[in-house]
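*Asks:* Residues per chain, in single letters:
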Amino acid sequence: MFDQITEQLPLFFSYHNLVFILQAAGRTLSMTIIGCSVGFFFGFIIAVIRQSSSRPLLIFRLLSIVYVETFRRIPFLVILFIVLFVIEPLMPGTSLFGIATVSVCLLSTAFLSEVIRSGLESVPAQQIEGARALNFSALQTLVMVVLPQSWKVIIPPAAAFIVMFIKDTSLASQLGVIELTFAGKMLVNRGFSSVLGFGVVLICYFALSYPLSRFAAYLERRLASS
Amino acid sequence: MDYTFQFTEVFKELPYLLGGALVSLQIAFITFWAGAFIGIFGAVAKVYGQRVSKRIASSYVTFFTNTPALVQIFLLYYALPDAGVLLSSMSAVLIGLTLNAGAYLTEILRAGVISVRRSEMEAATALGMSRLQILRHVMLPHIAKTIYAPLSNFFVWLVLGSSLAALFGVEELTGRAINVSTANLRSSETFTVVAAIYVILTILASSSLALVGRLAFRVKAKVF
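Top line first, the protein sequences correspond to chains A and B.
Under my numbering, the first residue of the first sequence carries the number 1, and numbering increases by one thereafter.
Under my numbering, the first residue of the second sequence carries the number 1, and numbering increases by one thereafter.
Looking at chain B on its own, in the form it has when it is part of the complex (with noise of 0.2 Å):
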């Protein structure tokens, strides 16, 4: 075995790699929240809502948990174009992330919502407080308590997940490591370069939401 590795091949190509870390970001940012909008009415519906909607969101959920991303996504780009809906790797990566992401956000936002006690709301509503107030004070204490840490760690899962984005030809962080390491023909050095670029990557989303949660919300969040 006399094999040298040659970092500075990968060094070179930093900035295009450090550029596709920021696409992976927007991958997940965009998920999350379009996700985030998906679970608010999944988890209302598991709690609230009737037979019918009960059935429908919890139907939804074990579908999506139960499934790789991998194969719903193939459906999309692959399979659509039969029903004549043409979507572009993108898109079909989004459309198929978000879908993912509403179904596990659901499960995460359903626990925030049953944290809640009736019985907390109806001691506020008692001490005359408004429903600006009862939110503020009663609700989102107990939701932040409970669905941080989770909300935080799913994000991370979500920044690693776009990684798949790469099968489709979408040029994110993984993506642009196989397009350098097809060039330059030093696979093993760019895909450890990209490894700790996931590594500082994750570690600096959830350090940063730890902060936050901590400022705004006075939740102890573990980064490690």
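So that you can see chain A by itself, here it is in the shape it has in the complex (with noise of 0.2 Å):
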């Protein structure tokens, strides 16, 4: 087995192939950081309502909460092939990645709106009422009295769950996105030895998740202090 590995090593590592792997590591980082954004932007307003007590929002408040139960526990895999039958009849020429990106979005929705949504409940009430005493509107009770003291609660779970997302874009290659996982399974099929392909996708993805997972852990240690 090693000596298939060390026989394989140069021209595993040649230029072409490190072009290849590192372009998958760029579309594996897209992916989750375009399905962060938007997961983020829609985690965020799906909170918001959820929050707000208005009656005319009673309907979105519903909807949300539906949203956010199901998407939560429904397997990422399911949600790509349920994503995947409905955008391909209605969107013909949809490429796989775009699905692929659509299904991370909605998950991160998911799960990011109910990291937001702790956040916004660690502000105490009575804060909140204390605001609306002082006659700000609600925009100027979320801005100028919520979030700056919510987001020292949303960032530190927020990064793990990035992490988490960064490792779920890897059933994505069972669409034929060509991610590293993808890129993996291609250069073990071009005869390199098994080890070796995986092997070297696993540290990829090391590389892409442990600095943020430091920096998450970081972040813990340093806001739960002050």
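If you are wondering where the hints come from, they were derived from the structure by calculation, not from laboratory data.
Where hints are given, some of them may not hold.
Stated by the list, open to error - Far from chain A by the CB rule (all over 12 Å, computed), these chain B residues:
| hint | residue |
| --- | --- |
| 1 | T8 |
| 2 | E9 |
| 3 | E13 |
| 4 | W33 |
| 5 | R51 |
| 6 | I56 |
| 7 | L127 |
| 8 | R131 |
| 9 | M139 |
| 10 | P141 |
As the list claims (entries may be wrong) - Derived coverage of chain B by chain A (criterion: at least 3 residues anywhere in the stretch with Cβ under 8 Å from a Cβ of chain A; other residues may be distant):
| hint | segment |
| --- | --- |
| 11 | 72 to 79 |
| 12 | 166 to 175 |
The beta-carbon is built from N, C-alpha and C at its ideal position, and this holds for glycine as well.
These two chains come separately, so use the hints to put the complex back together.
*Replies:* Next comes the structure, spelled out in structure tokens:
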């Protein structure tokens, strides 16, 4: 086994293979970044809707509860399949990368909205009442009172979830998106030892998510003490 | 767009799919307890261990929590035969998910181990409590309160995570859904039904876990 690996090493780490792996890593990363940005945006809206107590928003509140509870309880693989089978007939010609990114968005919206909601809830109710007594509008209360205090609670678990989404994108290889896991499979299919192929992919994933989880742990320590 | 949804085709296969749900639950159950076994050792090593065992436990946790379970199982399934170990797809999935669960449960259980304060244990000893009494009345309430909710969330996560076993040909819920959809060609209906089964299954799991927690450990765990 080791003879085979050492024999293949120079061929494996040729320039074009490295470019191929780096491009795949870039695709993994961009799926995660797009998914998380969209997830933060819509997750924030959902969290604010769930926090509000106005009557006209009741229907949206119910819908967002249903959305969050559904998508937190479906495996990512099944979300991928559903999105594939729904988008493909509606918009033929959508790239597989787009389908996978939409799935990551759906998943991250559900999870990040819960994180943001617990952050918003961490602000004591008296402060919101106080802001209302000072004639702050709802938007002003959110921007000037709630958010400055809640981002500390939001960021550390959100970073942990982003690490989870990086790992979840590996399932998109099953659709045929050429991201890291798929690149590993292709290299192994081309005859490289599977220890080498999947091992390098594993190291790439580690290199992507380890700095982020260290950052999350650092923030948690840093923000907890203050 | 003139597509008529035909759910009857899927509902014919419902018993087969529900059997798959049972397999998913079994995978989650086995990996949970095996992972908890690893996790107890890991947590104790991380909190009370010597330098070497601490180092080993924390590098195990960082490695397994920062890499995808799918690729780990790929390595177990496709790379171990090079070293002369041939695993069946089911055992590769079980081993991979167990190692993964062990890493996460180490972190969860560590929080529980930390939550017991040494001064409280000393106070209990000073009051003349026996070891069993200390475990029952001093340690367990603290541990249960800190780790019960994350543990039940993690069990739900394992039920969902077991879906990747389908990619190795294990016939659990997602695997059977793939089988059904390739046979009846009603893919979107089949996967909608399967998603609903997953939602119902996990809601049942977390509400029964919350009930057990409330009755046995007096922990107020939220379902939603």
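*Asks:* For each hint, tell me whether it holds in the structure or not.
*Replies:* Tested hints:
1. T8: Holds: least Cβ distance 18 Å, greater than 12 Å.
2. E9: holds (14 Å)
3. E13: holds (16 Å)
4. W33: Since the minimum Cβ distance to chain A is about 21 Å, W33 of chain B lies beyond 12 Å and the statement holds.
5. R51: holds (20 Å)
6. I56: Per Cβ check, I56 of chain B is outside 12 Å of chain A; nearest 17 Å; holds.
7. L127: Holds: least Cβ distance 32 Å, greater than 12 Å.
8. R131: holds (33 Å)
9. M139: Per Cβ check, M139 of chain B is outside 12 Å of chain A; nearest 24 Å; holds.
10. P141: holds (24 Å)
11. 72 to 79: Coverage by chain A holds here, the residue count being 5 at a Cβ distance below 8 Å.
12. 166 to 175: holds (count 3)
Every hint from the earlier list agrees with this structure, and none is contradicted.
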